[in-house]
Each structure stands twice: as C-alpha cells, then as structure tokens.
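Asker: Chain by chain, the residues:
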Amino acid sequence: MKYKVQDSDEIVDAEIIEKISQDEYRVKIKNSEHIIKILNINSGVMEFVLDNKFHTVRYIENKTSEMKFVIDGSELAVNMNSHLDEIVYKNSGGSETGNVQLNLYSQIPGKVVSINAGEGSEVKKGDVVCVLESMKMQVTVKSHKDGVVKTIKIKEGNSVNKNDIIAEIE
Amino acid sequence: MKYKVQDSDEIVDAEIIEKISQDEYRVKIKNSEHIIKILNINSGVMEFVLDNKFHTVRYIENKTSEMKFVIDGSELAVNMNSHLDEIVYKNSGGSETGNVQLNLYSQIPGKVVSINAGEGSEVKKGDVVCVLESMKMQVTVKSHKDGVVKTIKIKEGNSVNKNDIIAEIE
Amino acid sequence: MIEKVLVANRGEIAIRVMKTCKALGIKTVAVYSNEDRNSMHVKNATEAYHIGDAAPAKSYLNQEKILDVILSSGADAIHPGYGFLSENSEFAELCEKNKINFIGPSGKSMDLCGDKMRCKAAMLEAKVPTVPGSPGLVKDAADAEKIANDIGYPVMLKSVYGGGGRGIRIVTNDKELHEGFKSVTGESISAVGKSAIIVEKFLEKTRHIEYQFARDNQGNAVHIFERECSIQRRNQKLIEQTPSPIMDEETRVRIGDLVVNAAHAVDYTNLGTAEFLRADNGEFYFIEINARLQVEHPITEFVSGLDLVKLQLDIANGEPIPFKQSELKMNGYAIECRINAEDTFLDFAPSTGPVPTVTIPSGPGVRCDTYLYSGATVSAFYDSLMAKLVTWGQTFDESRLRMLNALDDFYIQGVETSIPLYKTILNSEEYKNGQLSTDFLKRFEMIDRLEKDLTQDRKDKQIPAIASALMYSEFYKSKIQSQNSVNQNWKNKMDGA
Amino acid sequence: MIEKVLVANRGEIAIRVMKTCKALGIKTVAVYSNEDRNSMHVKNATEAYHIGDAAPAKSYLNQEKILDVILSSGADAIHPGYGFLSENSEFAELCEKNKINFIGPSGKSMDLCGDKMRCKAAMLEAKVPTVPGSPGLVKDAADAEKIANDIGYPVMLKSVYGGGGRGIRIVTNDKELHEGFKSVTGESISAVGKSAIIVEKFLEKTRHIEYQFARDNQGNAVHIFERECSIQRRNQKLIEQTPSPIMDEETRVRIGDLVVNAAHAVDYTNLGTAEFLRADNGEFYFIEINARLQVEHPITEFVSGLDLVKLQLDIANGEPIPFKQSELKMNGYAIECRINAEDTFLDFAPSTGPVPTVTIPSGPGVRCDTYLYSGATVSAFYDSLMAKLVTWGQTFDESRLRMLNALDDFYIQGVETSIPLYKTILNSEEYKNGQLSTDFLKRFEMIDRLEKDLTQDRKDKQIPAIASALMYSEFYKSKIQSQNSVNQNWKNKMDGA
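Protein sequence lines correspond, in order, to chains V, U, D and A.
If you're matching positions, the first sequence starts at 1 in our numbering and goes up one per residue.
If you're matching positions, the second sequence starts at 1 in our numbering and goes up one per residue.
If you're matching positions, the third sequence starts at 1 in our numbering and goes up one per residue.
If you're matching positions, the fourth sequence starts at 1 in our numbering and goes up one per residue.
These aren't lab readings, by the way, just hints derived from the structure by calculation.
There may be inaccurate statements among the hints.
To be verified - No farther apart than 20 angstroms at their CA atoms in a straight line, the calculated lysine to aspartate or glutamate pairs in the EDC-like style are these:
(1) Lys53/V with Asp76/A
(2) Lys27/A with Asp397/D
(3) Lys237/D with Asp347/D
What the hints assert, rightly or not - Per label pair, the in silico range of CB-to-CB distance:
(4) Gln22/V with Asp457/D: 26 to 34 angstroms
(5) Asn331/D with Ala196/A: 47 to 55 angstroms
(6) Glu66/V with Lys99/A: 45 to 53 angstroms
(7) Asn34/D with Pro322/A: 52 to 60 angstroms
(8) Tyr411/D with Ser121/U: 52 to 60 angstroms
(9) Ser21/V with Tyr411/D: 28 to 36 angstroms
Note that beta-carbon positions come from the ideal geometry of N, C-alpha and C, so glycine has one too.
Only chain V is shown next, with the shape it has when bound in the complex (with noise of 0.2 angstroms):
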C-alpha cells in the first residue's frame, strides 16, 4: 500500500512484513524495518512503542481513502491507496476534490448577526459572506475562493454548529 502524510509531499510504501507475536509487529516504511509493539486498544485509542518510543493515537475517521487522526496530540490525515500516485495526480486538477471547494463550511459554531452576501451575489476570495457571533464575540465567515454564491444555507438569528454548510459558492 502507498501512503501520503499530510503536509509530506513524500509518497511511501509500507506494509505488515510479520506479526512476530500476539503484540508485535514487523512493517517495512520507506525500506526500514521497524517493530511495533501493542500496548492497548480501547474505543478508538490505540497504543503502541514503534521503536521504543510510546505513541498514542485515536482514530477520527476512516476512509478508502483518507484517514484522520490525534496522534500524540496532533491531527493529521494520512491518504492511502494502492495507487496514490495516480490519485494524487488527479487531485491536483480538481476533478475530485471540486465538491468540497464548493461548500463554503462554519469554523465555528454560533448564532448568525448577519447575511452579508445572498444568492446570486458576486464574491471575491476573503469576501465576508456572513458574521457569526460567539462567546460573546463577533467572528467573519470569509469566501474561500472567486465565485458566485449560488445557495445560502443559513438563516439570519439562526444558530449554525461548526461544519455546518454556510453556502454554496460556483
């Protein structure tokens, strides 16, 4: 399997070489061996010492071909595939990734103060297309790209929770 660290470009082999026992594991990354060794597995948190050094990860999601999670304290996506390379080379002109760039989702959750672009309205990267207010503070929700705002998902006085969709923008 190839796999594809987020913010490494590097694209990586590995695979599970052996289990050595009920515990430990023999896997090949990047052409080194390394063990790893089980410590304990309980609702999505996993425990290990590859190398002698003591990790801790918990699994957020899981997809055929991402996957996200809190390893060590950090979060981070780790994608894989078979072939990663190809996908990778897809990604990059959009055809797959164009949903997401489509919805413009909340950071954060809060009550909507304002609509400050409504459908059919003409928007810049970083133009503000709503305002959101939280622990008593009021917090833009900038446009992340040219476009038109096709739909508004949200409604003045409403509340919006964090990834909720605010809009779609074209």
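Take the given structure of chain V and dock chains U, D and A to it, following the hints.
Answerer: Leaving out everything else, chains U, D and A in the frame of chain V:
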C-alpha cells in the same frame, strides 16, 4: 417506605410527594419536606442538589432490601423495606444472616502463603486461619468467630481475590 | 467575621475562590445557570442555587436574583470574581445598602476607577503620570496642533465615537495633523453624525506592565510587585509573567510608590491592579485601575507566597494588611498561560463543545486553575478561558521550561486551544530574550511561525502516522476474518471506535 | 554532560524524574514490565523498553536486563529512583564499570552507608552521636549491666536474631536486666538455636527527624534543612513535614553541621538523607544514611525552592553545588501525605485493582505526584504508594488547611486509600500542636478516632442517603413503566448503571 442508614439505629419513613418538573422532586423524609433537583445521570452516577447542596452518588448494588452506594466519597448501605422494623428484629435473632456468618472471606487479593487452621480444627475469634501475601506484605486472615473449620476453600500457593471465601466456619 | 461567601461567578475563578474559603472554614454559596448544571463550581460549593437561563443577563448579571440568593442562603459576603458584576458599582452599592460585605472596593471608589477622565484627573493630582495628551476634547485643529507640539510627535488623533481601529490617525508632524484632523472628523460625522476628538501621545513598542496592590480600611497600602502582560491578542492578555524582564529594583520601588499613591488617590479598599504602559524609552504611564481580582493573580501568589483571596477576605473583614511593604520579598519567577478554547488560525475564533477527556498537568512548580474535567463542556455563552496554567521557577528559564513541559502534558480533547501557539512563543528567541511588547504576536509573525511548527510536526510524524494507519487496517481486517481468541478482547474494544 | 537518562523505576517517582529531565532537554528512557504496559511512566518517556515479567526480580531488579537496555538505548546515565536498585552497591559498581553515570553515590560510599555497624563507627569518629549502647555484641549479663549503667536506664536488650518485636526486652534496672537477659537468651535459643544480644538505650516518645543533604565531587557539602517524618505505621512513613515543629534555628544549624560532617565521613556524593531519632529530652541520635532520593523530597523542594532532581543531575555531571549553605533560606511550611492503596482497618493491608475514575487535587500551594489517571491500575506486584499529595503554606496552618482541602478533593475510585485516616490526623489537636512521635497513631488511638469519624460521617449523611435511595427507585421504576420522551435520555443513561 422505611429506610435505615448504616450506623444509624433510626428507622425513617420517606416518600416522594410530588414530581415538580422534569428534574425536580419534592420528597418527605422524617416528617420534613425537601427539594431534590437532578442535575445529571450517567452510567450509574447521579448528581443532584438536595436543599441547595450538591451531592454525587454512585450506585454499587441494589438488592430488594439493601442498597449500597458511594455518596460524596463515602461508601454506605441503606436498608429499606415497607416492614423494615420486623426485618431488623429478625436479623438480630440471626436467622437471616446465619449464612453470611458461616463464611470467612478474604478482604484482600493475594497469594496464599500458608494455611494455619486445617479442616476440622477448632478456632477462636481472632485466630489466624491463613496468611496471604500481596504487595510484598504478609497479611493474616483471622477467624471472625469461635467455631470449627468445616471446609477450607483455598490452596497454598494459589491466588485469591478480594471477597473470595477462605473457609466455612461453623 | 465573614462566615459564608456567595461567589457570584462561574468557571475557574469561582472554584479558585472557593478553595481558599474552604481551607479557611468559610462556607460557600454557588450560583449557576441552566448551562452550568454540570459545572465544577456547583460541585465544590457548600450550597448551590440555580439562578436562571444560560445568557449572562438572565443569570450571572441578574442583580436582583443574586441578591435574593444572598439573602435566602444567609451569606454575609459576596465575592464577585472577575467579569460579570465584579466592577459594577451599582451592584456594589446594592450590597452595601443590604449590609452585605462586598469583597472589593466601595461603589464610590469603583465608580471613580471606572470613569477614565475623572480617574486620570485624580492621578495627575497624585502625581502619577498618565499618557500625555489633551486633558479632554480638543476644540479644533489649532488646539490639537498646540497640544501635539507640547507633548511631541508622533501623536494619535482619536474620535471618542470610534473604536476597533476606526476613527484613529497617527500623525508625525503639523501637516499630517491638519490632514488627519479633517479625515477623522469626516469619518466620525459620516459614521455617527458627530465628531469629538482627543489627542494622545503615540507610544511605540509599549509594554503592558501592571502592579498588584492592596489597601485596607485603615488606609494602609502596599504594592505586591509588577506583572508584565505584554503578550496579547485583540487587547486581551495571553501570557503574563513576573518579574518583568525589563524591571530593575530601583524602578520597581519607584513605580511601586506611585501605585501606592494611586490607591490612596481613589480611596481604594481591598485588592486592585494599576495598569501602566511602559514606553520604549523607559517611561511608565498609568492607564487604569482594575477594581477586582485579576485573572493573572496566581503569578503574584507564586512569587510573593501570599494567598491573595485570603488577603481579600482579611481586608473585607476590616483587618489591617498583616505585613509591611518591607516584609514582602519577590521569590523566583512565574509565568501564566491562559488556555483559551479558540482557533488561532481562525483569528482566535471561539471553539466550544464537550471535552470528553482532559489531562491536567502537574509537577514541581506547576499550578493549573481550571473548570475542566473529563466530561466537562465549554459553553458558547461564556468566555473562552478554560484554564490558567501557571509555573514557577528559581530562574526565569526554569519557569519557562516547566511551562513548556506542562503545555506538552496538557491534553484537551474536543476543542481547539491556544496551547500550540504558546509552545511556539515560549520556544522563540524573542520571548527568551524578553523582547516583549503589546504587538509581540504581529511584530514577530508568531502565527506564521506556529503554522510552520505545526507543518513540521506533522512531517516529523510520518513514520508513526503510517504505522498507525497500518495497525488500524490490521485490527480492522482481523476483526472480520479471524476468531483468534487471544485477540478477541482487543477486537471487541476496537469495535468501540 | 548527561544527555539521556534511563530511569530504572516505575510509578510516581519515574514520572517525577522524567519531568525534570524533559524540562532540561534531557532524553529519557523508561523500562517496563508486563504489568506496566499501560503505566504512565511508559507514556512520558522519550523511549520505552520492555524488560520482563511483573515480578520485580524479573524486571526492575534484573540488573543484566537493565544494563542491556542502557547500552542499546545509548543512555549515558541512570536514575534509580527509590527502592528497587537504588541502594544496590553492586549495581552502582556495575554501572561505574560500564562507564555509565549512576546518579547517586559511588558503590563504595553506598556500601559503607548500608553496613550499619561500619557506618556507626564512621559517625562516632566524625563526632556524630548515635544511639548509645554496646559497640557490638555483649559477652554476658554482667557486660550488659555495665553498659546499661554507663548509658542509663531504660535500655533495650535485643537479640540480633529477633525481629518484629520478638527477642526484645525493655528493662529499667539491674534486676530486670538480669531477668531479661535470661529470657531473651532463652527465646533466641529456642527459636534459632543460638543467641547474640546487644544493648541499646531505650528512647521514649522519639521523633523521626531527617536532613536532606548534598555533596558534590569536589567535596562541597550542604544540608537542605530537616524533615519531620514521625507519623508512621510499621516503621513506614505516612505524613512528613518541614520545618519540624520542635526545631529552632540554633538546633537546625547545629544538627545541620553534623549532617555535613556525616556526608564527609562516608565520602558521599550526590543527594542523600541523614536520619535521626530525636529523644524527648532534645538529644539527636544518628540512625542511618539513605543513599538515594527520598519519597518525601517534594516538601524540601517546596521550602527551599530547589529542584532536587536537577541538583542530582548537576552533581552527577561533575558540577559543584551551585549555591552556598548561607544562601539557602527556608520559605514557609510544607506537608506531604503518602496516599497509599491500603485498608486502614485491615491493619493497612494492600488494596489493589483498577481505578476507573480519579480526580487529582490542584490549587494554590498544592502539588500531587502520582501515576494515577482515570483507567490506571494499582498492581499487587509493587508497593502501595499511589500518590504523594504535598501542600505548601506561608504558615503551618495554611499548609495544613490546604492539605485537608486537597484530601477532600482527591477522589480515587476502586481501591481503599489512606485518605480518611489523614483527615482524622490532620484535624486532631495533637497534630495541630505538633505532639509528634513515632508511636503517634497508637498513642492517640487514631484508628479508633477514624472509625468514629466515619460512623459519624455516615450518620450525617442520613438525609442525602435516603434521598439517593428514593431517586434510584424513581428512575428505576420509570425506566420500566413510562415512555416519557423527556426522561428517555436519562433512562438510557441509567441503564449503564
């Protein structure tokens, strides 16, 4: 219903008078009224405010006539029954608790180092029945009453858990 | 003697106040909103009273409701904490009227501290320097020019109706001043229909340095050293430390004497803080008095050995301050990091929600004041301060390294926190060298540096991250395929994922 | 310079050593047994190596295995903590031989400290008083009588083959001595076939007072004040405090000077503790040197401001002690309670098992060194110390009240603890007045008083306990009968009970 709290000789009448709201109750305990406001219930732990004082209770055991819980850090038992006075009377006669008094329990977990009173031997209250080892310490288990050791339920070198039966003493 | 204190607050400060009360055998009364039914301060109090809805106006700011609880619970004193009603002179007077011991200054003194113009006047009379500028509004551009030339350029033209950076111009000579006067006037009129301008000396690379002080009913006053709180975002303090790296003993005593004068000048009682700007040329300018216990009081507790809440209670009981200025000695170094629930990269936007798991740091020289516990919730209704992590060391570097260590150990699941930013700051040469100023974050591009640190961190985790992915697949696969009894237990656990 | 330390220990002390190492940028290597795969010290180290089975002999006492890990991990130093290999001179020499920096005294000095007869001789030469008595075995009753009359009655006749109270007689005059000599000889012969008796002064109402000291490779030595550790059970310390309530400055300096002499006399390097008995008449008698970091070192850290592990590392690096005796000042009061997993009423029998939930106390002047976390396990294989709760105060009473408060806040689910006993002790007039002695628990019948306190506590909880029972029935019943949607969520939660 009648209640008796561990270490208190008093038998107390208590009942729920009224459910004031979803989380508030008016109760009568010992002829005086109290307000209970439930704050939180989670895996056997209940948090409530009684007459404006916060309490947390973790329920451990609930039998027909006895309930055990940890309230505000103290473990205690409450006996309850609609005819508690009669039961208390019976218990003092020993008829219901006879069986409990037969068994000598281990009050710690440990390894059996030696058995000092074999089957058939006569013991006085306080005599050593066996010696256990735990955390590098030897601890003696003493007879809880005068009697004859009917059966020994443990073996030298084996481990016992807390509350395992060590012996039956008649 | 105070026997029962109502703590009119929530979160870490309510808990902190109760700790001292409890240790002194003083009963405590908590109040809580709907939102706070599972909050720690409710559990810690001798008594707890529900006071209303989540919104502060309906609970923690509801003066009548809180007064009701004081009276029905039989509390004889009230501790307001910080925020909420702590600097509300009307409420302080309401307490006085009802013979309830308000732990803080009198309503009258609080009023004076809160009115910046009157307070500034009182300070000038007491010979405490304030930021040079017009004594009030300027009449016209000519008036402004005269003042500018008196105090020296650069100066700031400020519309009193402005705010948040609007209606402000920094000008460096007479020509710029006249142009600026016109545009500020124009902006102000177009925004609010009127204009009123003041002139103030513009200070660059200023440090925020404040003094803890105490004054008792008998009029004895002491200062309890300075705190430097220059590292801020949006005028909110993030990191505080004491002693300040630019302070020497001569200056400490000289400004400390001014602070004592300031406390006398406003007839202050109980604990307060005098805030100063320190200009790059070494001059100190009084800004304001905070008439309450400050968030950052623990660093003063560490270096003075005092329990400041106890001192508040003593003074409120009418006792004289139990020590003399000369008996106070500074011992070591302390740093506080305010652990906020916020997303540094979203312009410090709040991050709220449940915190299923938290690991609170501890160790030699570490103190953590927090309302967090595993299962707590960070509410969107109140402010974003979840915890105050405070460390002490014999040397500055010891306190700094202990802080970095404690930040590493602080694990808060579920919300974004300011912890990563603090690691970047505390590791920076500029912080180590004490190059502090209120524009520290911007001046040294700390957010960009944080982003680089996090990117590097993720890159460094390449091997363990891939190992984690491999192991997930392994346990996921084996769950379906094998019935190996030894692994069964683990597989069952894994199903909880 | 030490760059990587293997910590040959587990539990709270391993974690505590690692904290200082981490803060100083020194890498750490943990070792762990099968039993400790989920233990905190494994998580905190830079590297962690599995070293064998649960039994200490197969893991933490396995010298070869630990040496292997030192060599393969590239650690250049070893910190032994306390217990296990910490006072094993053979192991210290093994490290020396392998050019590994053993953080502690040399094997030779450790040997001398461990041999009580040789150590006593060295002390007598250095004019450090030891408990008066026969220099070795006595020949016969006449010899014993002569010594008894030299040192004064009462004396103790002790068979060297005895132990645990057997083969000991306390005698108060010549007649009793002759009778006692016969019976001790008889008991010893009937028990082990031989007899060998020593005579020692019998001291009543003694206090256990010890001194922290440090000595560097250059031969500089300092003492870092005393600790009083009189509250014990079965010769194990339960509560320690500093300063000792009976100590005045003159005595502190006088005994402190003796401690420095003692350190020189055994050519000690690194940190150690000199233990004394203090008789009721005020005399101090040296007992022994503990050649390691003590469990109770945090109270010394609190009052001295020093990080003692850092000082150990500095000395191990060959650096001179970075301060002079005259620069050390005692600041405030500190108390430590050893939070043991044990059942006070079962003669302190161990209590082991999982700890699903733990709440660790915090606050001003509170420090808790522990390996506990929610989900930890107290193992039957190792000792019963789960946590050290340490508080500091400006006054003794402040430290005591903070301790009571922190004990209240310390919630450990799943095992019996010594916490209730400490509350009874710390609330007692005898403790408040400093009437300490090694038989404190027995002398003041503390276990009986604890029992009374607990009974009273349960009686006081009558109303909330009955309320709890009422509410349980209510929610239990409604779970079955009603389908009320509002309560549904709670009922689901209750099913988890």
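Asker: Which numbered hints turn out to be false for this structure?
Answerer: none
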